[in-house]
Structures are given as structure tokens and as C-alpha cells.
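Chemist: Assemble chain S onto chain B, guided by the hints.
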Amino acid sequence: MTAQISEQLIFEGQKVPLLTNPLNNYFSLGGRDPGFESTSTALWRGYVGTWEILNDRMYLVALNGTLKSGEDADLESVFPGFAHRVFAHWFSGTLRIPQGKRLEYVHMGYSSTYERDVLLTLQNGVVVKQEIRHNGVGDEDAPEGYSIGGMTTRPSRKANHGDDQ
Amino acid sequence: MIWLWLYLGLGLVFGLGVYVQNARRPKSDMSQLLASMRGAQSRTDQILEKVLAPALGSILIVTAWPAVIWFIYKERRNEKREAKRRSDAVFRVRPEDLIGQTTIAEVEASSFVKDPLNAVPDLPFGHLNAAWTDFVSKRPADAVLWSFACDWTSEWGTQFSRRGYVWVLGDALSPWMLTQDDAMEDVHD
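Those sequence lines, one after another, are chains B and S. In the working numbering, each residue's number is its place in the first sequence (first place is 1) plus 6. In the working numbering, each residue's number is its place in the second sequence (first place is 1) plus 12.
Treat the hints as calculated values from the structure; they're not laboratory data. Here the structure is a predicted model, which means the values were calculated and not measured. Hints are not guaranteed to be accurate.
Here are the simulated EDC-like pairs of lysine to aspartate or glutamate, each with C-alpha atoms no more than 20 Å apart in a straight line [claimed, not checked]:
1. B:107 with B:137
2. B:21 with B:58
3. S:96 with S:163
4. S:150 with S:118
5. B:135 with B:62
6. B:135 with S:194
7. B:107 with B:147
8. S:126 with B:137
9. S:126 with B:62
Same shape as in the complex, but just chain B:
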């Protein structure tokens, strides 16, 4: 499995990479999965969600991706009637936000390690604990921030339809 494109989190006023997929929990609890199309080996889940921590509560505020039907996915593809903001009350667990230089690159999932991880523990969508885990000190020339090494992209069905026209 290729290293995966991260989710996005608006946290303390900044947009940062989020190495947790809170929508997985929603789907595993029986939430409606509209069927996302994976167009890249670096995005097997087929979407990128933008989340926000606001007043210690986690919200999904944007969703970008492609559905198997070829249509663009947005928040209402999963949460009809909620076009702008969805309270993630289904999520209990830990969010991982990497910080600092990369210590080790692993071309699989979110397995690469970084100097620090901000770990937010949530209970039913509400932040109950925040801690920083120090994983080590990166080399001087080590890259800063989350990145992935490579991917293979496939044209989406929508693009294919476009080609046919």
C-alpha cells in the first residue's frame, strides 16, 4: 500500500495534515457510504476530508473526491442536508497530527514518522485530551512536514467519459 495523502485539519487557526481517517469510523458504524472512486494509489479511500476543531468539537467542513458514478463528492454526498458543517459525534479515538522533520519515510499508509506527533483524544467528537509525543530529532537535511514519495494515478470515470465525448 502506497503512502497515503492525509486528511486536513484546521487546528488552532492553521491547516495541518491529519493522519487519521475519522470517516472510517462513520462507515464502520453503519453510516451511509456513497461509494468513492479511488483515482490514485496514494488515495485508496477516494476522498480528502477537511476537519476543524472548534471549541473542542470536531467538525467535517469539506469533502473532496470522486464518486463511483463519476460525480464530484462533497459533504452532502455523505450527509444530505448538511452542506457546510457536520459534527463528528461518531468519532471516539485519537487524531494524529505530525510535526517537525521526517525521521523515517515508510511508503505505506500513514506509517512515516516525524519529530513530534500532536495527539488529540476525542470522545464522541469532543476533545478530552491533548498531548505531544516526541519521537526523536531529524537529520539536518531531513524534509520538514508530511509528504508522500510517489503514486500512480488513474483517470476517473468522469475523465473517461469526457474523453469519449
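Modeler: Same frame as chain B, but now just chain S:
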């Protein structure tokens, strides 16, 4: 010397047993498929496959039959363990997981989700209301509602802490609905 002949004799009997068992076993679809894909074999390959490999195998079985028995025993034990692991990995609610009997009205009254920004529907289980209504609609006749909680290990070895509701009718505990499915693992995944 007689012990050596006895040892080899036992190996011969064991080898014959293995041969007969293999000859009786129907060829798998996969081996037939591979044979059809392979096409015509050269004479050398034919000699290797039909003569040399069976000869070496026979010698190994006759001379090292205790090791072969141990290997077969280990393989069968691993197969049984793997079958049990796969069976255990299929999630099901067990009688010991049940917590308490409840009702639809009680559950719905306690499952509304509040949000100051109104980013959740005013329905039982909020954004998961459709999963709840689907679960309620699948109630078997005369079944009663129970809550449950358990730890469960997936086929990939990940442990989850699970909670939810299940319809109980006699010994049957199904269908079920999850309200919590938390992975109990390190966040480096």
C-alpha cells in the same frame, strides 16, 4: 543392523501410505490451470517432474519419515489454528457480551446528539439515524432489544472495543448495530 532395516521398512510403509493418499486426492483446479498454462514440457522438464522429483521425495520420506510426520502434524495443526482464527474473526454478539434489556423508546430518548452549531440532525443517533432506523426495521418477530459490549479482534489482528444493540430471540443474537467501534491500537497505522 536389523534396527536400520526396521526403520527403513517403516519409512517404506509410511511412504506408500502417503503415495496412496496423494493418488486418491482429486487434482485442484489451480494445478490443472497451471498445467494448462504451462504448455508442452521439454524432455528435461518431464524427467525432472516425473522421475527425479518423485525419486528424491521418496528417498526423503523413507529415510527421514519421522521428520516428515512432524512436518505434516505441524501443517495440520496450523491449518486448524488458521481456520479457528478466521472463524473467531467473524464478528458476532455472544451471550456473555449482553449488558441489559432495553426498549426502542429508552434507547431513542438517550441517543439524541446536541451541537451548538446545529451541525447534527435532531434525531436519535444524529448522523447515524439511518443506521438505527434500518436496525429497528430488521427486528425479528418477538425479539427483544439488548445492549452489548465486547472486545473483538479482526482477521488482521486489530483489537476493537465495540458497543451497540442487538435483537435477542431465544439463542439467536442478531441482527446487531454498533454504536462504538474503537480501535485499541497505536496511532502509527
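Chemist: Checked against the structure, which of the hints given earlier come out wrong?
Modeler: 8
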